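Q: Residue numbers (my numbering), protein chains in the order written: chain A, 1 to 429; chain B, 1 to 332; chain C, 1 to 268.
What the hints contain is simulated information worked out from the structure, not anything from laboratory work.
Warning: the hint list may mix true and false statements.
[Stated by the list, open to error] In silico EDC-like links for lysine to aspartate or glutamate, alpha-carbon gap of 20 Å or less:
| id | chain 1 | residue 1 | chain 2 | residue 2 |
| --- | --- | --- | --- | --- |
| 1 | C | Lys259 | B | Glu202 |
| 2 | B | Lys239 | B | Asp175 |
| 3 | C | Lys258 | B | Glu325 |
| 4 | C | Lys240 | B | Asp309 |
| 5 | B | Lys15 | C | Glu247 |
| 6 | C | Lys199 | A | Asp359 |
Just so we're clear, the structure is a prediction, and the values are computed from it rather than from any experiment.
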Amino acid sequence: MTEKFDAIVVGGGPAGCASACVMAKSGLNVLLFERGQYAGAKNMWGGAFFGPQLKELFPNFREEAPVERFVTRHTFSFLTKKGSTTLDFKPAFSGPPSDNGFIVMRAKFDKWLAKKVEQAGAIVVTSMLVDDLLLDGGRVTGVRIGKEEFSSDAVILAEGVNGILAQKAGLCSGVSADNMKQGVKEVIALPKQTIEDRFNVNGSEGAAMEFVGSCTRGVPGGGFLYTNKESLSVGIVVELGALVKNRLKASDLLEEFKEYPDVARLIRGGKTVEYSAHLIPTGGLKMMPKLFSAGVLVAGDAAALVLGTGLILEGANFAMASGVAAAETVITAKKKNDFSETALRDYERLLREGFVLRDMHTFKETPRLLKNTRIYDLYPEVVFEVLENILENDGKPRTKAYKIAGKVIKTRVGFARLLSDLWAMRKMT
Amino acid sequence: MADLKGILVVGELGKEGLASITRELLGVARELLDVAEGEVNLMLIGEDVSSYAEEGIAFGADKVYVVNDVSAQEFPCDFYTHAVDQFCRKAGISLCLMGHTDLGRELAPRAAARLRGCICMDCVEIRSDVKEKEFVQLRPVFGGKAMAETASQRGVIQIVTVRHKSMSGFVHRSDRRGDIIDWSDQLQKGPVRTRLIERKTEEQEGVNIENAPIIVAGGGGIGGKEGFELIRELGRLLKGAVGASRVPVDEGWVHHNIEIGQTGKIVSPDIYVAVAISGATQHITGILGSKCIVAVNKDPDANIFKVSDVGVVADYKELLPYVIEHLRGASK
Amino acid sequence: MEIIVLVKEVLDPDLPPSKFSVDTKNNRVIPPEGIPPVISPYDAVAIEAALRIKEEAGGRITVVSLGNPSAEAVVRKALAMGADAGIVVSDPSFDLEDSYLAAHILTQTIRKIGKYDLILCGRQAVDWDRGVTGPIMAEYLAVPVATLARAIKVSDRSVRVERVLADGHETLEMDLPAIITVSNEFGQARIPSAWGVIKAVKEEIPVWSAKDIGAEDAQNKDNPGEGRLRRLYIPSYERKCEFLTGERPEELAAALVKKIYSRETASP
Ligand SMILES: Cc1cc2nc3c(=O)[nH]c(=O)nc-3n(C[C@H](O)[C@H](O)[C@H](O)COP(=O)(O)OP(=O)(O)OC[C@H]3O[C@@H](n4cnc5c(N)ncnc54)[C@H](O)[C@@H]3O)c2cc1C
Ligand SMILES: Cc1cc2nc3c(=O)[nH]c(=O)nc-3n(C[C@H](O)[C@H](O)[C@H](O)COP(=O)(O)OP(=O)(O)OC[C@H]3O[C@@H](n4cnc5c(N)ncnc54)[C@H](O)[C@@H]3O)c2cc1C
Ligand SMILES: Nc1ncnc2c1ncn2[C@@H]1O[C@H](COP(=O)(O)O)[C@@H](O)[C@H]1O
């Protein structure tokens with residue numbers, strides 16, 4: 001067969017699906033390859049989606065998409081061996097929960113996205129691993145699967161973290177463990193009612209909980225717990241480099257995390273029905289590859305477009321937004337029938353005008369700052385000790401809170417270091 | 001067809017006389033007479049089958065219908081289908097039992113289609129529910145992940161294939177009395193469509209797996225043909241048969257005739273040693289009758305341990321050479 | 001050679017037992033969320049068989065699936081492997097659990113298709129594991145049937161089938177048209193090529209209703225089927241496993257041998 005496509009998308013995650021959908025809707029002849037048995041089969045994540053990208057693409061997603069729960073309660077906990085401190089953010093909503101946080105399971109959600117892509121008119125082919133790019137004098141002209149070749153005007157690489165094809169296209173050169181976080185997650189089944197009672201949520205409401213502190217044993221990262229309809233997603237995300245250096249295993253950290261009273265209490269009696277692990281490119285702008293060259297564009301995790309502000313991890317919305325920008329670039333290029341590197345420069349402009357690159361710039365120091373291990377071991381303890389001193393009545397005369405804080409900080413951290421950390425963190429959140 | 005009565009057992013012959021499944025079925029049939037009423041009939045088809053009729057009576061038949069006909073061998077399933085169809089109509093049989101064998105798998109649905117009977121394949125249990133006046137069958141479904149219990153429909157003939165060795169033993173009484181009826185001339189032959197050209201037995205390696213008291217079976221974790229040599233050696237030393245799960249068969253490490261499980265052989269040895277077998281339901285369903293299941297697997301969470309009596313968490317490559325050494329020492 | 005292959009959409013048999021659940025009140029299997037059904041593996045082998053026959057003798061392969069409208073996916077899979085045309089038979093009035101009814105409806109479908117030389121089925125659909133559809137249809141259509149095929153050889157007006165037996169195999173010969181059910185020993189089903197999938201995606205797959213095939217009365221026919229399903233449940237085969245202990249493989253081996261001998265009636 002010799003049919004030529006306008007665009008070939010590699011990867012059926014949020015980035016790939018969004019781009020394929022937009023291009024197909026505008027009438028382009030689009031082919032999407034996904035290596036999983038179905039889109040989502042190989043994917044995992046914590047589970048909360050931020051940002052209105054989805055709504056923009058699919059105005060009816062609330063009714064259609066397989067959303068587990070809408071985040072109506074967000075907590076941030078600092079864990080120490082002795083106990084924990086938690087901030088519980090629960091806006092008193094009037095009306096339906098906001099579109100700004102919804103919990104989905106990738107296996108179901110990606111499948112739904114892929115269905116939307118098909119409905120838009122693109123061809124989705126699953127169980128197909130794209131193993132190479134077709135090159136013609138430095139220009140990408142299509143992809144190769146085994147012996148089969150597929151040519152197209154443009155190829156969008158939305159292959160997720162590790163970007164092997166992006167490397168083959170010469171857009172980047174491998175990735176280092178220091179720029180990666182490892183995520184491991186378990187899905188723990190619990191009855192709907194139990195979840196609603198334990199998390200104090202009703203109906204489609206849900207909770208998103210983030211944890212930092214001793215649970216990662218000094219490795220930069222944190223834990224999370226999200227409520228699905230009839231299960232919980234519990235996991236940790238930790239820096240790969242430090243993990244390796246400290247000879248720790250993410251799976252062991254997860255086991256420990258599950259034993260913290262704050263977590264154990266919530267998952268009690270549940271049955272683990274799924275376990276998965278995945279890498280996240282959290283190196284920020286510094287690890288970002290070249291985003292395009294003649295005939296090819298990179299989007300989503302493959303382009304390291306993930307924002308890890310420390311408190312939350314945003315990747316899916318960045319992936320979708322970059323996918324859309326790549327799609328729009330290709331649509332314009334098709335009109336002019338010019339897929340040269342210069343013609344595709346629009347992509348970067350679109351990303352800059354949108355929030356993707358702007359946010360990445362705003363938080364460009366974050367990845368480095370997050371490597372400060374005091375965030376994970378020391379500060380949670382400091383907070384806890386201060387509160388412990390204030391709240392625990394040991395029968396002795398009370399001291400003023402700030403004095404307690406001062407004492408603890410002085411002995412545990414040192415003011416100079418605290419100030420410099422605070423100054424640095426200012427850029428982080 | 002409201003007053004159906006009696007049971008027909010479709011007989012098969014083994015190497016020495018009646019096939020063991022036929023003996024089992026005769027025993028089962030006797031226990032179902034409370035609902036089936038009437039008698040236990042056995043049908044034997046083939047060349048010179050009259051000589052097996054007495055044996056049928058001893059194992060529980062009240063009447064044995066023999067059809068001596070050489071052409072039965074040429075068109076086996078066609079021939080049986082006509083015979084069973086005609087007999088059941090004439091005798092007004094309420095339950096027709098056969099083994100879930102090479103023959104039964106094909107004969108049962110065909111006969112059922114002609115008789116518009118209720119059909120139930122591969123049952124591991126059949127009993128009568130006297131109160132409801134119905135037969136109740138139990139069969140594994142979804143590759144052994146679930147069990148389905150179905151009931152016959154009153155006034156409709158029930159056609160059932162029964163899994164080998166799944167039911168309690170049979171009773172042999174040489175003083176039992178019964179009638180032997182030659183049905184050869186009564187049978188009106190129907191059209192024949194499928195002709196047998198040849199039949200070949202493929203020798204199983206070592207001890208025959210279906211009747212072996214000990215079976216040593218290897219799975220996907222064995223990793224290749226060489227690994228199976230250890231399994232064979234272990235089998236030899238234990239005087240047992242060698243078996244395999246699906247993976248070694250698909251990979252071509254062993255012949256398919258030693259596959260154990262839903263699509264392979266159903267076994268029930270005294271000791272079943274499962275080496276590097278994960279314990280998928282399709283495999284388990286074939287070994288449940290084993291008196292003692294011993295599992296060797298390097299994964300402590302392997303499903304096989306859930307159904308085992310004895311477990312060893314170990315790499316078989318490290319463990320088996322020592323086991324073999326011990327056994328060699330013991331047999332000296 | 002006009003070949004019809006019957007394929008059924010089933011719950012993925014490789015699903016781990018932990019994801020398999022039953023609604024014991026309604027005697028139904030609860031389809032696990034997020035895990036799509038698959039083509040029954042033996043049916044995929046039947047398609048493989050059809051493709052090999054076609055490669056040798058030429059012809060056309062039509063794939064038929066009776067089921068929910070979602071069965072379109074398994075038909076497309078067959079098209080991707082190389083089948084020429086596909087049909088989904090679906091009607092809300094069909095009781096899909098009954099094998100007689102399925103055989104009846106599929107027979108009506110075959111009659112509507114009209115011309116055929118060979119009908120291939122899987123040895124059994126891996127949901128209810130019955131293996132009756134092919135033989136029942138052979139009776140309805142009054143054509144010869146051979147089950148559990150591991151090799152098929154067609155010549156002008158006849159076909160030779162090598163049938164798997166418990167202790168060997170037999171060779172059968174039938175005139176065409178005929179029905180054959182295919183076993184896994186036939187070989188592995190091919191994996192569709194990417195272009196195959198693309199071609200399949202674009203194929204139009206008609207959905208035939210009860211009316212289209214003249215099976216409106218299918219429900220009322222005297223089809224006793226499998227009888228009444230009294231109970232469907234997940235069995236527990238659990239035994240209490242005694243784990244042998246020992247630091248080194250030698251110790252474990254010794255413990256194992258001792259255990260085996262103690263269980264064995266006749267020691268060496
Ligand atoms: C534990 C964890 C928690 C997270 N939590 C959140 C969160 O709460 N919120 C959030 O917004 N983000 C979160 N993220 C990040 C988010 O999951 C990713 O940023 C997002 O999925 C990126 O989308 P993508 O489409 O670029 O890549 P992916 O989702 O990785 O999709 C890539 C797809 O390409 C396919 N593929 C790869 N190579 C090939 C090939 N050669 N041929 C064919 N197909 C191929 C893959 O199978 C995959 O389906 C989390 C990540 C992890 C690991
Ligand atoms: C329709 C259908 C019918 C089927 N019928 C059958 C059937 O009749 N019989 C059958 O067996 N299967 C059957 N199967 C296949 C079945 O589902 C499983 O895939 C199969 O049984 C797996 O075989 P296995 O456990 O040997 O191999 P694997 O799944 O590969 O498991 C290998 C095991 O070996 C262990 N292991 C690996 N290396 C070592 C080592 N060095 N030392 C010790 N342990 C090790 C591993 O921990 C693992 O548990 C059927 C499947 C389908 C879909
Ligand atoms: N609903 C169906 N649609 C198409 N083919 C079917 C259907 N049910 C059964 N078959 C075919 O008949 C074979 C045996 O099925 P069964 O008798 O249900 O075990 C299957 O492998 C299919 O080839």
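Q: Find the hints from earlier in the document that the structure breaks and name them by number, from lowest to highest.
A: Violated: hints 1, 2, 5 and 6.
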